[in-house]
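Enquirer: First to last, the sequence lines map onto chains A and B.
full-length UniProt numbering puts the first sequence at residues 1 to 331.
full-length UniProt numbering puts the second sequence at residues 1 to 331.
Among these hints, one or two may not hold up.
The list treats identical chains as one, so a pair stands whether inside a single copy or across any two.
With a straight-line Cα cutoff of 25 Å, these simulated SDA-like cross-link-like pairs (lysine to any residue) come out [said to hold, decoys possible]: (1) K318 to D206; (2) K149 to V293; (3) K230 to D203; (4) K228 to V175; (5) K149 to Y131; (6) K149 to K304; (7) K190 to G322; (8) K77 to Y22; (9) K149 to E292; (10) K317 to N147; (11) K149 to E130; (12) K80 to Q263; (13) K76 to D20; (14) K149 to L294; (15) K149 to S199; (16) K95 to L227.
Quick caveat, the hints were computed from the structure, so don't treat them as lab data.
There are 2 protein chains.
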Amino acid sequence: MSQTSKRKQRVLRILHKNRDQYISGQELSDRLEVSRTAVWKYIQSLREQGYVIDSSSRLGYCLVKAPDILSPEEIKKDLKTDLLGCEVIYQEEVKSTNSLAKSEARQEAEEGTVIVAKEQVGGKGRLGREYFCPPGGIWFSVILRPNMKPDSASQFSFVAVVALAKTIDELTDSVPEIKWPNDVLINGKKVSGILTEMSAEIDQIDYLVLGIGVNLNIAVDEFPSDLKNKATSIQEESGQQIPKLNFFLSLLEQLEEEYFKLQTEGFEKIIEGWKEYNITLGNEVTVTSNNEVLTGQAVDVDNKGRLLVELPNGTMKKVVAGDVTLNTEYN
Amino acid sequence: MSQTSKRKQRVLRILHKNRDQYISGQELSDRLEVSRTAVWKYIQSLREQGYVIDSSSRLGYCLVKAPDILSPEEIKKDLKTDLLGCEVIYQEEVKSTNSLAKSEARQEAEEGTVIVAKEQVGGKGRLGREYFCPPGGIWFSVILRPNMKPDSASQFSFVAVVALAKTIDELTDSVPEIKWPNDVLINGKKVSGILTEMSAEIDQIDYLVLGIGVNLNIAVDEFPSDLKNKATSIQEESGQQIPKLNFFLSLLEQLEEEYFKLQTEGFEKIIEGWKEYNITLGNEVTVTSNNEVLTGQAVDVDNKGRLLVELPNGTMKKVVAGDVTLNTEYN
Numbered sequence: 001m002s003q004t005s006k007r008k009q010r011v012l013r014i015l016h017k018n019r020d021q022y023i024s025g026q027e028l029s030d031r032l033e034v035s036r037t038a039v040w041k042y043i044q045s046l047r048e049q050g051y052v053i054d055s056s057s058r059l060g061y062c063l064v065k066a067p068d069i070l071s072p073e074e075i076k077k078d079l080k081t082d083l084l085g086c087e088v089i090y091q092e093e094v095k096s097t098n099s100l101a102k103s104e105a106r107q108e109a110e111e112g113t114v115i116v117a118k119e120q121v122g123g124k125g126r127l128g129r130e131y132f133c134p135p136g137g138i139w140f141s142v143i144l145r146p147n148m149k150p151d152s153a154s155q156f157s158f159v160a161v162v163a164l165a166k167t168i169d170e171l172t173d174s175v176p177e178i179k180w181p182n183d184v185l186i187n188g189k190k191v192s193g194i195l196t197e198m199s200a201e202i203d204q205i206d207y208l209v210l211g212i213g214v215n216l217n218i219a220v221d222e223f224p225s226d227l228k229n230k231a232t233s234i235q236e237e238s239g240q241q242i243p244k245l246n247f248f249l250s251l252l253e254q255l256e257e258e259y260f261k262l263q264t265e266g267f268e269k270i271i272e273g274w275k276e277y278n279i280t281l282g283n284e285v286t287v288t289s290n291n292e293v294l295t296g297q298a299v300d301v302d303n304k305g306r307l308l309v310e311l312p313n314g315t316m317k318k319v320v321a322g323d324v325t326l327n328t329e330y331n
Numbered sequence: 001m002s003q004t005s006k007r008k009q010r011v012l013r014i015l016h017k018n019r020d021q022y023i024s025g026q027e028l029s030d031r032l033e034v035s036r037t038a039v040w041k042y043i044q045s046l047r048e049q050g051y052v053i054d055s056s057s058r059l060g061y062c063l064v065k066a067p068d069i070l071s072p073e074e075i076k077k078d079l080k081t082d083l084l085g086c087e088v089i090y091q092e093e094v095k096s097t098n099s100l101a102k103s104e105a106r107q108e109a110e111e112g113t114v115i116v117a118k119e120q121v122g123g124k125g126r127l128g129r130e131y132f133c134p135p136g137g138i139w140f141s142v143i144l145r146p147n148m149k150p151d152s153a154s155q156f157s158f159v160a161v162v163a164l165a166k167t168i169d170e171l172t173d174s175v176p177e178i179k180w181p182n183d184v185l186i187n188g189k190k191v192s193g194i195l196t197e198m199s200a201e202i203d204q205i206d207y208l209v210l211g212i213g214v215n216l217n218i219a220v221d222e223f224p225s226d227l228k229n230k231a232t233s234i235q236e237e238s239g240q241q242i243p244k245l246n247f248f249l250s251l252l253e254q255l256e257e258e259y260f261k262l263q264t265e266g267f268e269k270i271i272e273g274w275k276e277y278n279i280t281l282g283n284e285v286t287v288t289s290n291n292e293v294l295t296g297q298a299v300d301v302d303n304k305g306r307l308l309v310e311l312p313n314g315t316m317k318k319v320v321a322g323d324v325t326l327n328t329e330y331n
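Please build the complete structure, drawing on both the sequences and the hints.
Expert: Structure, rendered in structure tokens:
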């Protein structure tokens with residue numbers, strides 16, 4: 001980080017600590033050991049980022065309002081995790097946080113590093129599908145380095161979806177529902193996307209990148225028309241505007257809790273949480289995977305996260321991956 | 001490729017076509033539309049690479065002997081594959097061909113691209129173990145993009161080891177033996193190493209890099225002392241010096257054959273070939289994996305490549321990965 005960025009962050013920290021109080025330009029200049037003109041420049045730059053800072057020639061500067069942005073300073077100030085967010089990389093606009101995360105992981109980024117973007121312009125869903133990621137949502141990736149085999153990778157999508165459902169449940173009045181394997185729906189429409197990617201040897205994951213997108217404060221008329229009957233936002237369904245920062249911090253904490261749970265108590269415990277929000281099991285489903293389509297009763301999820309589907313002739317199919325349609329009224 | 005490299009390659013192609021015949025500097029200069037001085041410079045540069053080119057002021061130039069190097073020109077001249085080697089990248093010295101291959105794959109390198117090095121200075125074995133890769137061996141990686149799930153990745157190591165055993169069997173008098181999962185031994189000592197790495201989503205391999213090292217023409221006294229009782233070279237065991245280029249071309253052809261076989265006939269067919277060279281099954285083995293050690297009878301390999309080990313108490317263990325010691329006279 002440049003000297004200038006560091007000093008700007010320090011100004012911000014001091015303003016945050018003295019929230020709603022004035023601190024004189026002279027004191028800031030003394031504490032940072034820079035000129036008062038330099039202090040003024042840092043204040044200007046913070047204002048451009050959206051911070052509302054009152055200034056008075058007699059009293060000095062006072063932070064009135066911090067913008068709802070997911071910058072490292074705002075995140076780290078209140079984050080209560082041990083691992084996730086140890087390092088936070090924030091970008092106004094990226095093609096895809098997963099791509100950036102993979103590149104950081106190759107350059108030895110630590111486990112727990114979080115890459116977060118205000119906006120993704122080339123967001124990807126599963127199998128390269130396009131994904132719509134405007135500024136009102138939360139778009140981020142976490143780098144994990146679990147000492148596990150590549151065939152465990154799908155477990156981390158379950159970790160993510162459970163953390164997400166719990167966060168929505170906790171912070172909003174909406175009822176989150178999980179569709180197998182890792183779609184979170186509210187009132188039958190998707191509010192999030194999860195994309196897990198990894199680099200691995202045959203018997204060892206090198207790094208795993210968990211990409212999570214949340215349609216938080218997005219007006220539904222912002223959605224492309226082909227998405228409108230499939231996707232929604234948390235704001236739209238709950239009628240509440242949850243500050244991005246609050247939601248993100250809670251989500252990171254939940255994510256860490258579920259990640260540690262996976263490692264200490266095993267995948268069965270994750271599935272237990274998953275079942276609490278599940279709307280797939282017990283229903284008739286149609287599963288499309290690799291151009292194969294099958295319809296049957298979704299009976300259970302096994303200890304590898306596979307969906308067990310009982311076909312009309314009584315045989316049981318284990319589905320590893322695919323798109324599920326619930327054959328119910330709203331799907 | 002630079003204009004100079006292209007012209008040099010063209011000179012080489014013309015010389016190869018007129019092998020053991022003289023072609024005048026004037027003719028080369030006319031065909032390439034460059035000065036005779038430029039032609040002379042290309043000839044000099046080829047000589048530096050090890051090409052023996054006779055020159056006579058009256059007759060011109062004549063290729064007497066091509067060096068045994070795995071350059072794209074030498075490889076492509078005689079390669080009879082459809083996919084593997086469609087693109088060949090040659091480096092005198094790399095840290096690791098797998099690393100370079102992964103970087104090329106990320107930049108959309110085509111399936112079948114081969115990265116080959118005269119020498120690897122940071123060669124890696126499984127789980128980051130160091131690997132000794134002097135110029136007398138063959139060190140290369142192949143980029144594959146199979147439309148398969150990540151849990152199939154181990155199948156490609158089996159593809160590689162079978163291709164390798166078949167090539168040794170065909171070109172030398174030595175008897176190759178495969179130790180589970182993918183070590184090729186001659187007289188109980190390793191002559192090769194295989195490292196498979198991949199980048200994947202949960203249900204789809206993005207790219208897979210198959211790294212193969214062969215101890216071909218290496219004098220055994222070149223080996224570090226701690227390797228001498230575990231590793232050997234094909235030259236040492238067979239008493240034959242097989243030209244690197246011949247070996248490499250045959251290996252690429254075998255590799256392609258087995259790769260196509262995997263995709264059209266399935267993994268069972270690969271295992272069939274594997275079993276012909278196997279020395280693991282039927283023996284008592286000790287398997288070390290993840291700090292767990294077990295000893296028992298190696299009974300079979302299942303359709304996922306797992307080693308089935310029958311413990312003394314009669315229970316059957318399925319081993320996904322690990323180091324196997326054969327409890328026989330020479331291991």
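Enquirer: Against each hint, give a clear statement of whether it holds in the structure.
Expert: Quick rundown of the hints versus the structure:
1. K318 to D206: between (28 Å within a copy, 23 Å between copies)
2. K149 to V293: between (29 Å within a copy, 18 Å between copies)
3. K230 to D203: between (38 Å within a copy, 23 Å between copies)
4. K228 to V175: Answer is within; shortest intra-copy Cα gap is 19 Å, inter-copy 65 Å.
5. K149 to Y131: Answer is between; shortest inter-copy Cα gap is 22 Å, intra-copy 28 Å.
6. K149 to K304: both (12 Å within a copy, 14 Å between copies)
7. K190 to G322: Within. Shortest intra-copy distance 16 Å satisfies the 25 Å Cα cut-off; inter-copy 42 Å does not.
8. K77 to Y22: within (20 Å within a copy, 78 Å between copies)
9. K149 to E292: Intra 27 Å, inter 15 Å, cutoff 25 Å: inter-copy only.
10. K317 to N147: Classified as between: cross-chain Cα gap 21 Å, same-chain 30 Å, threshold 25 Å.
11. K149 to E130: Close across copies (21 Å), not inside one copy (29 Å); limit 25 Å.
12. K80 to Q263: within (19 Å within a copy, 49 Å between copies)
13. K76 to D20: Answer is within; shortest intra-copy Cα gap is 20 Å, inter-copy 73 Å.
14. K149 to L294: Result: close only across copies, 19 Å inter versus 29 Å intra.
15. K149 to S199: Both. Shortest intra-copy (11 Å) and inter-copy (13 Å) distances satisfy the 25 Å Cα cut-off.
16. K95 to L227: within (20 Å within a copy, 47 Å between copies)
Checked against the numbered hints listed earlier, the structure breaks none of them; every hint is satisfied.
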